[in-house]
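**Q** What follows is the residue order along each chain.
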Amino acid sequence: MTSFVTSRRGLLAGAATLAGALTVLPVRVLAQNARKGVLKYATLGLDTSDPHRHTGSIAVQQSYVEALTSIAANGAVEPFLAESFAVSPDGLTYTFRLREGVRFHNGDLLTARDVAANFERVKSKVKGGWLVSALQQVSKLETPDDRTVVVTLDEPFAPFLNLLSELWILSPKSAGWDETISLPIGTGPFTFGDWQPKVKLVTPAFADYWKAGAPRVEAVEFDLRDGIDKSLALRAGDLHIVSVDLQAAQDLQKAGVAEISGLKDTAWYFAAFNNRKPRKPFDDIRVRRALMHAVDKAAVMNFVGGDKSIVTNQLVASGNIYFDQALHDADEFRKPDLDQARKLLAEAGVTPEDHTIEFVSWQETHPQIVVQMVRKLGFKVNHVALDDIGTQKRLGQYDWDMSVTNSGPRSDIFLRFVRLMSDGPNPVLWGGIQDPELDSLIKQAVREPDSDKRKEFYLQAFRRTMEKGYFFVLGHAPDFIAIRNGIKGYDPGFTWACHWASGGVAVTAIDA
Amino acid sequence: MARVLSVLGTLLRGLVQCACIVMLTFLLCRVMPGDVVDVLGLEGGLTAEQQAQMRHDLGLDQPLAVQFGDWVTHAVAGDFGRSIRFDRPVMDMLATAVPVTLRLTVLSFAFGLTLALVLALAATARPSRLFDVLIDGVNIWSIAVPTFCAGVIAILVFSIWLGWLPVIGGLLAPVLIIGLDNAGQIVKQLREELKEAVTLPHVRTARAKGLSPWRVSVFHVMPATMGVVLALSGLVLGSLVAGSLTMEVLFALPGLGSLTLNAIHGRDYPVILAAVTLISVSLVLINTTMDVLHRLVDPRLA
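Chains Y and V, in that order, are what the protein sequence lines are. 1 is the number of the first residue of the first sequence in UniProt numbering; add one for each residue after it. 1 is the number of the first residue of the second sequence in UniProt numbering; add one for each residue after it.
Warning: the hint list may mix true and false statements.
As a list, the in silico EDC-like pairs of lysine to aspartate or glutamate whose alpha-carbon atoms are at most 16 Å apart [as the list claims (entries may be wrong)]:
#1 Y/468 / Y/435
#2 Y/455 / Y/324
#3 Y/443 / Y/155
#4 Y/127 / V/136
#5 Y/127 / V/57
#6 Y/264 / Y/491
Have a look at the derived ranges for each label pair, beta carbon to beta carbon [what the hints assert, rightly or not]:
#7 Y/398 / V/153: 55 to 61 Å
#8 V/106 / Y/108: 45 to 51 Å
#9 Y/256 / V/77: 29 to 35 Å
#10 V/106 / Y/422: 43 to 49 Å
#11 V/76 / Y/144: 55 to 61 Å
#12 V/28 / Y/364: 21 to 27 Å
#13 Y/449 / V/53: 31 to 37 Å
#14 Y/381 / V/8: 56 to 62 Å
#15 Y/364 / V/52: 27 to 33 Å
#16 V/153 / Y/460: 25 to 31 Å
#17 Y/338 / V/153: 41 to 47 Å
Only some residues are given here: those of chain Y computed to face chain V with a beta carbon under 10 Å [as the list claims (entries may be wrong)]:
#18 49
#19 195
#20 196
#21 302
#22 308
Just so you know, the hints here were simulated from the structure itself, not pulled from any lab data. Glycine included, each C-beta is placed from N, C-alpha and C at the ideal position.
Extracted from the complex, chain Y is given alone in its bound form:
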């Protein structure tokens, strides 16, 4: 009898244990079983193992590190490691409620103290970048409990939530935390694995990832090689998701091997003038306008983005909340007008044949088209096409007259405007504008908590750039992404990020 009771107890205990295990194990076991294949991904590179030291266009590190917020495909801010956030009416206090049960790759639970440590690290140790200037305004950082972080700013800073989408939260136990992180321990769906700079990064799936059912592949292998023909590799099945140019996108679509999509935020193309040390006669707004009247914007943009390109005069494309239809409709450079160009030159007393335009660009095709167009007015053009760094260096010398370049998607409109400020980072593409009035308008926009008023300040700032003729927008085009047939669940996001709260590589599966 006793033995029966014992057996029954044992049985009950066993059953309870089994039931408990069945409630806990399935999600993990099923998720592991559901993971299939290695996703091969090749868009942008990875230049550092320290996520805090990289800003701008990044497409890899989101797979192993996450932030409090992320940018949804429509450009809106969405909660990520923070399950919710609240902003005080004066725009000074941000309260983040952290998601429960989020674990770092070393098994530790994410706490408010970890988040605060990351804020402190970026604020005190990282030089340069958009985040630093944002974090300099943080006057108080509080962690009332394990899941709440309260951030108080000195003054309102509207882009704060968007910019936090690039403040990666890492475990302070990450190797190299005090200097340069060599082995980042994040919370992402994949872990930082074998990294060979400019070759590849292998990121194995993280079994304890907080989102149920994710990730859906065993690993992501990021191909970081420069100069390879990604479209051919995609055709051969060596790669699954790649960035491609217009020609390759059209070829892949024709071949029926991939679906072509584009980043939801567009890259903007523009012609800029030397604003820091302008030479005569290119310091004259009439000459600048004359040059723009010679440019067939539609032809240039068609070359860049085909039927996906947009001809406009603004920093953002239609559909974006900062797009202004009236300004777009009033674009005087929508179509080329050589007569108007010659009239302006005559007004300015300029004989084009007497002048050589020092023209700088990257080694791309569309600036050459612009060069041919401005030559029609009679100007001689000395076109210098350099690689990325050469262009950056040459533009920084301010010994040129005109340039044609472009800039990619950003998590917030401020990151486009900050380059136009007198002390902004990397202002060379826009000719190094030095305009206190413009700075003031942008600062007012940044400090304005009300979105309608903020839009108006940004619009005033942009109108000023046009009136002054600092640069002129040619148009917009998406960065094309090819997704090989058989890859399910992936659609490019707003920026180059490979993973965000509502999409990306965590929810991508390989079907074939």
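Place chain V on chain Y using the hints.
**A** What follows is chain V alone, placed relative to chain Y:
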């Protein structure tokens, strides 16, 4: 003694060449527009002041002679420094890249030399129109078809159309292409040498003794042409280092060529200098080794 001095002289000449190459590379790096701080500034959004501070921290604001002297002092002690872009020891990066290049060059060389020897020996042992046509074909292919063209064709046919080989990272296609190119460069000369060696008295004696044509070719004709084989191998190995760099880029092999090219793009001076030093020292060692071997097998050169 004279032989040792001669070898040392060759080695010394090579080392002086190396030193000149490294110095020239150092200077060329500095006349390229933009430096590594511009790269980091571009990526990290650094202000002009921060960039100036970084140049100071990295010693890039020192006179060129001081920078070069500093680098040489460390390099001689085996310390190639750290990659400025990736903050990793340059030796670690070389250790990852060198095996890839070594695998590619050794396999290509082995395939090319074997193919050339087999064709030349076969044509000597069993003279026939077929072997002559094959030898001419391989020779003309190597003269007429640049390796990068053959690479593109191989990608199109074997990777895209047939789907047999990967576009990126595969070793088979580049090995076959470089090997075929190498074979073409030496097979004709080798054939002529063997043809001449057949008329040598000791070969005639061997044939008169009734030895099989293959035995005569392998054991009597071939040793007589070893000097030429070594000389040709030296030439091929020298060009192989340059040829493999092209193939590495085309087939996206993460070897020394790709590492150097990326370092140039990123103005990563420590990596550029270390890679160029390694490549030039390798070439000097190859040439010296071939020279020594040549002297060993041919007493007339001693």
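**Q** Tell me, which hint numbers fail for this structure?
**A** Hints 4, 7, 9, 10, 16, 21, 22 contradicted; others consistent.
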